[in-house]
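Work the whole structure out from these sequences, hints included.
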Amino acid sequence: MSATLASPPPAGSGRLTLRLLMLGAVLLLAVLPALNRLPADSALHVSDFIVSVSGKWITYAILALAIDLAWGYAGILSLGHGAFFTLGGYAIGMHLMRLIGPRGVYGHPVLPDFMVFLGYKELPWYWLGFDHFPFALLMAMAVPGLLAAVVGYLAFRSRITGVYFSIITQAMTYALMLAFFRNDMGFGGNNGFTDFKELLGMPLNTPTARSALFYASLALLVLSYALCSRITQSKLGRVLVAIRDAESRVRFLGYDVTRHKLFVFVLSAVLAGLAGALYVPQVGIINPGEFSPGNSIEAVIWVAVGGRGTLVGALLGAFSVNALKTWLTTVAPDLWLFALGGLFVAVTLFLPRGLIGLVSKVAK
Amino acid sequence: MTSLILRMAFLLLLALPAWAQEKDYAATLPGLAGGFGEIAGAVERLGALGDPRALPVLQALQEGKLLKAGDGHVLVPRGAGYADAATGAPADPAGAEPVRLNNRVRQALRGALGRLQLVSPDAVERGAAAEAIFRSRSAEDVPLLQAAIGREQDAGVRARLELALAAAQLVAPDDSVKRDAIARLGAAGTVEARALLLEARAAAPALAGPIEAAIARIDQSLAIRRAAETLFQGLSLGSVLLLAALGLAVTFGVMGVINMAHGEFVMLGAYATFAVQELCRGIPWLAPWSLPLSVPAAFLVTAACGALLERGLIRHLYGRPLETLLMTFGVGMIIQQAVRLAFGAQNREVISPSWMQGTITLPGGVAVTQNRLWIIVFGLLVLALVFAAIRLTRFGLEMRAVVQNRRIAATMGIRTGRVDAMTFAFGSGLAGMAGVALSQIDNVSPNLGTGYIIDSFMVVVFGGVGSLAGTLVGALTLGVVNKMLEPYAGAVLAKVFVLVAIMLFIQRRPKGLFALKGRAAES
Chain A
518 MSATLASPPP AGSGRLTLRL LMLGAVLLLA VLPALNRLPA DSALHVSDFI
568 VSVSGKWITY AILALAIDLA WGYAGILSLG HGAFFTLGGY AIGMHLMRLI
618 GPRGVYGHPV LPDFMVFLGY KELPWYWLGF DHFPFALLMA MAVPGLLAAV
668 VGYLAFRSRI TGVYFSIITQ AMTYALMLAF FRNDMGFGGN NGFTDFKELL
718 GMPLNTPTAR SALFYASLAL LVLSYALCSR ITQSKLGRVL VAIRDAESRV
768 RFLGYDVTRH KLFVFVLSAV LAGLAGALYV PQVGIINPGE FSPGNSIEAV
818 IWVAVGGRGT LVGALLGAFS VNALKTWLTT VAPDLWLFAL GGLFVAVTLF
868 LPRGLIGLVS KVAK
Chain B
62 MTSLILRMAF LLLLALPAWA QEKDYAATLP GLAGGFGEIA GAVERLGALG
112 DPRALPVLQA LQEGKLLKAG DGHVLVPRGA GYADAATGAP ADPAGAEPVR
162 LNNRVRQALR GALGRLQLVS PDAVERGAAA EAIFRSRSAE DVPLLQAAIG
212 REQDAGVRAR LELALAAAQL VAPDDSVKRD AIARLGAAGT VEARALLLEA
262 RAAAPALAGP IEAAIARIDQ SLAIRRAAET LFQGLSLGSV LLLAALGLAV
312 TFGVMGVINM AHGEFVMLGA YATFAVQELC RGIPWLAPWS LPLSVPAAFL
362 VTAACGALLE RGLIRHLYGR PLETLLMTFG VGMIIQQAVR LAFGAQNREV
412 ISPSWMQGTI TLPGGVAVTQ NRLWIIVFGL LVLALVFAAI RLTRFGLEMR
462 AVVQNRRIAA TMGIRTGRVD AMTFAFGSGL AGMAGVALSQ IDNVSPNLGT
512 GYIIDSFMVV VFGGVGSLAG TLVGALTLGV VNKMLEPYAG AVLAKVFVLV
562 AIMLFIQRRP KGLFALKGRA AES
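Chains A and B supply the protein sequences, listed in that same order. All the letters of the first sequence, read from the start, carry residue numbers 518 to 881 under the working numbering. All the letters of the second sequence, read from the start, carry residue numbers 62 to 584 under the working numbering.
Quick caveat, the hints were computed from the structure, so don't treat them as lab data. Glycine residues also receive a C-beta, built at the ideal position from the N, C-alpha and C atoms. Hints are not guaranteed to be accurate.
Taking lysine to any residue and the SDA-like style, the derived pairs with C-alpha atoms no more than 20 Å apart in a straight line are [as the list claims (entries may be wrong)]:
| no. | chain 1 | residue 1 | chain 2 | residue 2 |
| --- | --- | --- | --- | --- |
| 1 | A | K573 | A | P720 |
| 2 | A | K752 | A | S765 |
| 3 | A | K573 | A | L545 |
| 4 | A | K573 | A | T846 |
| 5 | B | K126 | B | L162 |
| 6 | A | K881 | A | F867 |
| 7 | A | K714 | A | R727 |
| 8 | A | K842 | B | Q398 |
| 9 | A | K842 | B | L402 |
| 10 | B | K126 | B | P154 |
| 11 | A | K842 | B | A399 |
| 12 | A | K842 | B | I395 |
Label pairs and their computed distance ranges (CB to CB) [claimed, not checked]:
| no. | chain 1 | residue 1 | chain 2 | residue 2 | range |
| --- | --- | --- | --- | --- | --- |
| 13 | A | P619 | B | A289 | 51 to 57 Å |
| 14 | A | P619 | B | A552 | 35 to 41 Å |
| 15 | B | Q120 | A | M702 | 55 to 61 Å |
| 16 | A | D701 | B | T422 | 34 to 40 Å |
| 17 | A | L852 | B | L347 | 37 to 43 Å |
| 18 | B | P548 | A | M702 | 18 to 24 Å |
| 19 | A | K878 | B | P548 | 56 to 62 Å |
| 20 | B | V429 | A | M702 | 31 to 37 Å |
| 21 | A | G679 | B | G474 | 29 to 35 Å |
| 22 | B | R376 | A | K878 | 21 to 27 Å |
Okay, structure coming up:
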């Protein structure tokens with residue numbers, strides 16, 4: 518994990534071009550819901566499918582940013598970021614379940630359907646408070662953040678780095694998956710949560726709700742990008758890169774490596790949790806399958822494909838790999854896993870700096 | 062054939078008392094041709110005599126097929142015709158009429174038949190008779206049972222007879238007999254004996270003391286047996302983990318290459334087993350040996366895949382473990398999808414050869430399934446093989462030399478690239494052998510490996526990277542702890558607990574149980 522990755526910030530005109538490109542992309546995304554409202558026969562009409570899919574991809578892009586911040590900059594390869602994403606999703610899912618109220622199949626005024634089905638008499642204590650949106654949102658950040666803090670503290674303190682940390686985070690998300698599959702965890706077991714009705718007074722599955730969630734995701738993406746680029750360009754960011762490239766040396770220079778790593782890992786988990794919280798109302802379902810280690814590692818490959826160590830790369834990777842996935846799984850579903858596996862091999866062997874690296878090489 | 066021999070042996074065994082009973086038996090039969098009172102008396106007497114020849118007679122009587130001739134002889138149906146019940150000689154049924162039954166005779170018949178079944182040559186029937194007596198539980202059966210126990214050869218039937226005897230003795234009027242029965246029930250140490258004692262405690266408060274003691278004794282022996290069974294299950298799970306982790310101990314532990322496709326190599330080994338089985342299916346004399354044959358086959362297939370992977374891809378990424386991790390994960394996905402397309406997504410069945418099926422009951426009643434026992438043996442054999450390969454062969458020496466100091470090894474003339482490829486192939490081949498074992502206890506499906514890969518990494522990390530002893534102890538510990546937690550927490554939560562425990566454990570010992578010390582630990 519030595520050298521070669523320290524990415525010099527694109528200088529002068531290159532940087533300007535990049536910024537203009539990004540602004541253009543954000544604007545393009547921003548008009549999508551508006552174009553969706555145009556009459557269906559209009560040339561500029563955008564289908565519901567495209568809006569909902571891009572809304573989903575934006576949350577993926579936030580997850581990719583979070584992974585890039587930890588892996589690309591601080592060298593912490595977490596194979597469990599899907600767990601933080603999913604925990605955020607479960608937090609908001611609990612809120613959405615509470616909002617269903619008596620409209621469930623069993624019509625119980627308080628308990629969600631699956632609890633009635635499993636014979637619960639009253640709401641478990643850890644469900645209390647989730648009927649308030651601010652609380653649920655807080656939990657969508659606090660639970661992943663806390664988990665990351667505990668796992669990160671234990672790992673970084675005993676200097677567990679590199680692949681060991683990766684394996685431990687993978688075991689973490691695997692353990693969570695097994696735990697959430699259990700019915701008596703009180704999170705709907707195998708089926709998870711679905712059949713949501715409304716959020717913040719908006720009935721879901723209407724154009725209004727779709728565009729509201731879309732804009733919320735876009736806003737969070739822009740904010741996260743701003744925050745991450747602020748961090749990476751600050752002195753803190755330089756220390757993180759230094760830790761990535763020569764951890765022991767940074768420690769000997771007197772920096773508190775554990776604290777720096779812990780900070781970036783927790784922040785990254787919170788971002789992932791928020792992304793999950795925006796993902797769930799858009800797809801309308803959350804189940805333990807989202808915890809599967811494969812999901813986390815797939816998110817890592819977005820970052821690798823785009824180019825880690827550059828924030829734009831993470832975004833580019835998330836959008837391009839998911840576009841490929843959406844296209845290929847409709848055209849030739851059997852080929853998708855070959856393509857994804859091939860991406861893992863090709864990127865690590867031939868494109869260590871991802872698409873961004875390729876672009877800057879070609880530009881030279 | 063065997064049943065005939067058994068029957069002859071049994072008859073031989075019965076010959077002496079039977080000869081003494083001969084006269085009684087023949088003398089009792091004419092009673093069956095008399096009035097209802099006489100018939101009932103004869104039935105009871107026949108039951109008490111315990112002569113096996115009486116059984117078909119009484120059964121014929123129950124079914125209304127017993128005939129009485131005018132001269133006091135009774136005829137039993139045999140084949141298409143009839144035979145004299147006393148001599149067994151064929152007889153002419155002309156002029157004979159059926160023996161009739163009334164309720165008193167029927168009642169006598171039921172008791173007599175139950176007792177006669179105790180002397181039946183068929184072990185299943187004797188077992189059923191013991192069961193029936195156990196349920197009816199009358200003190201009068203005690204001498205009968207004692208006699209039956211004395212001549213019983215089958216251990217299973219004898220245990221049931223003894224239980225029935227103790228049950229009968231528990232309702233006997235004599236207190237010392239009861240105490241004796243209680244003590245023997247306590248020694249039997251079975252769940253049935255415990256239930257019987259609980260029942261007796263309610264019926265006889267005076268004997269509460271010895272009964273409690275006997276129950277406590279049973280509970281203790283049951284607990285020991287349960288612990289032994291848990292231990293066995295844990296060891297068998299542990300040896301599965303050991304098999305899956307040994308390959309990792311070589312590739313990850315010795316070479317430091319993290320191979321996320323290891324689980325897929327295990328899966329390939331299981332499919333190789335399936336393929337060998339299908340190939341052997343057409344050759345009858347080979348079919349029972351397809352499983353031992355698939356061990357080298359699986360090893361070769363996965364070792365070849367491993368060598369290919371190392372030479373083609375992994376060697377370009379030496380020194381970049383995170384990239385190796387991602388790349389091999391991708392390779393794993395490709396292998397999995399290729400197998401899914403080639404063999405289909407459904408489970409494939411690998412049949413256990415007959416010599417691996419069934420259970421063995423160890424002394425003390427601990428039941429052990431044979432295929433799990435074989436897996437433990439196989440796991441230890443493979444461990445010995447790995448140890449020998451690393452410590453005793455030229456290849457192992459070169460491998461250790463390359464790991465310790467690649468450059469100096471190269472200057473000594475060791476072809477390090479070739480050693481790398483062979484080491485990786487060896488580790489991958491071990492994964493294939495693990496696949497052979499897994500095909501015996503798990504579904505052979507394309508995602509067979511994913512369930513084991515995380516556990517195996519945990520074993521290696523827990524035991525200490527690069528230490529075979531650590532892998533052994535780590536695997537067995539994880540297996541046993543997992544199985545010990547299962548009754549309390551359920552299978553899933555037990556797994557979660559173990560994962561959490563490992564995370565906490567490596568806080569204390571980041572290098573695992575058996576940390577390498579000295580210079581080798583630094584790399």
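A quick look at each hint next to the structure:
1. A/K573 x A/P720: holds, 18 Å
2. A/K752 x A/S765: With a Cα-Cα distance of about 18 Å, the restraint between A/K752 and A/S765 holds, given a limit of 20 Å.
3. A/K573 x A/L545: The given pair, whose Cα atoms are some 16 Å apart, holds under the 20 Å limit.
4. A/K573 x A/T846: holds, 16 Å
5. B/K126 x B/L162: holds, 11 Å
6. A/K881 x A/F867: holds, 18 Å
7. A/K714 x A/R727: The given pair, whose Cα atoms are some 13 Å apart, holds under the 20 Å limit.
8. A/K842 x B/Q398: Distance of about 15 Å is within 20 Å: holds.
9. A/K842 x B/L402: holds, 19 Å
10. B/K126 x B/P154: Distance ~11 Å between B/K126 and B/P154 Cα, so the pair holds.
11. A/K842 x B/A399: Within the cut-off at roughly 18 Å; holds.
12. A/K842 x B/I395: holds, 15 Å
13. A/P619 x B/A289: 51 to 57 Å: Taking Cβ atoms as reference, A/P619 and B/A289 lie about 54 Å apart, which means the hint holds.
14. A/P619 x B/A552: 35 to 41 Å: holds, 36 Å
15. B/Q120 x A/M702: 55 to 61 Å: The hint (55 to 61 Å, Cβ to Cβ) holds, given that B/Q120 and A/M702 are roughly 60 Å apart.
16. A/D701 x B/T422: 34 to 40 Å: Holds: the Cβ-Cβ distance is about 35 Å, inside 34 to 40 Å.
17. A/L852 x B/L347: 37 to 43 Å: holds, 38 Å
18. B/P548 x A/M702: 18 to 24 Å: With Cβ atoms ~19 Å apart, the hint holds.
19. A/K878 x B/P548: 56 to 62 Å: Taking Cβ atoms as reference, A/K878 and B/P548 lie about 60 Å apart, which means the hint holds.
20. B/V429 x A/M702: 31 to 37 Å: Check passed, 34 Å falls within 31 to 37 Å.
21. A/G679 x B/G474: 29 to 35 Å: This hint holds: roughly 32 Å between Cβ atoms.
22. B/R376 x A/K878: 21 to 27 Å: The hinted range 21 to 27 Å holds for B/R376 and A/K878, with Cβ atoms some 24 Å apart.
Every hint from the earlier list agrees with this structure, and none is contradicted.
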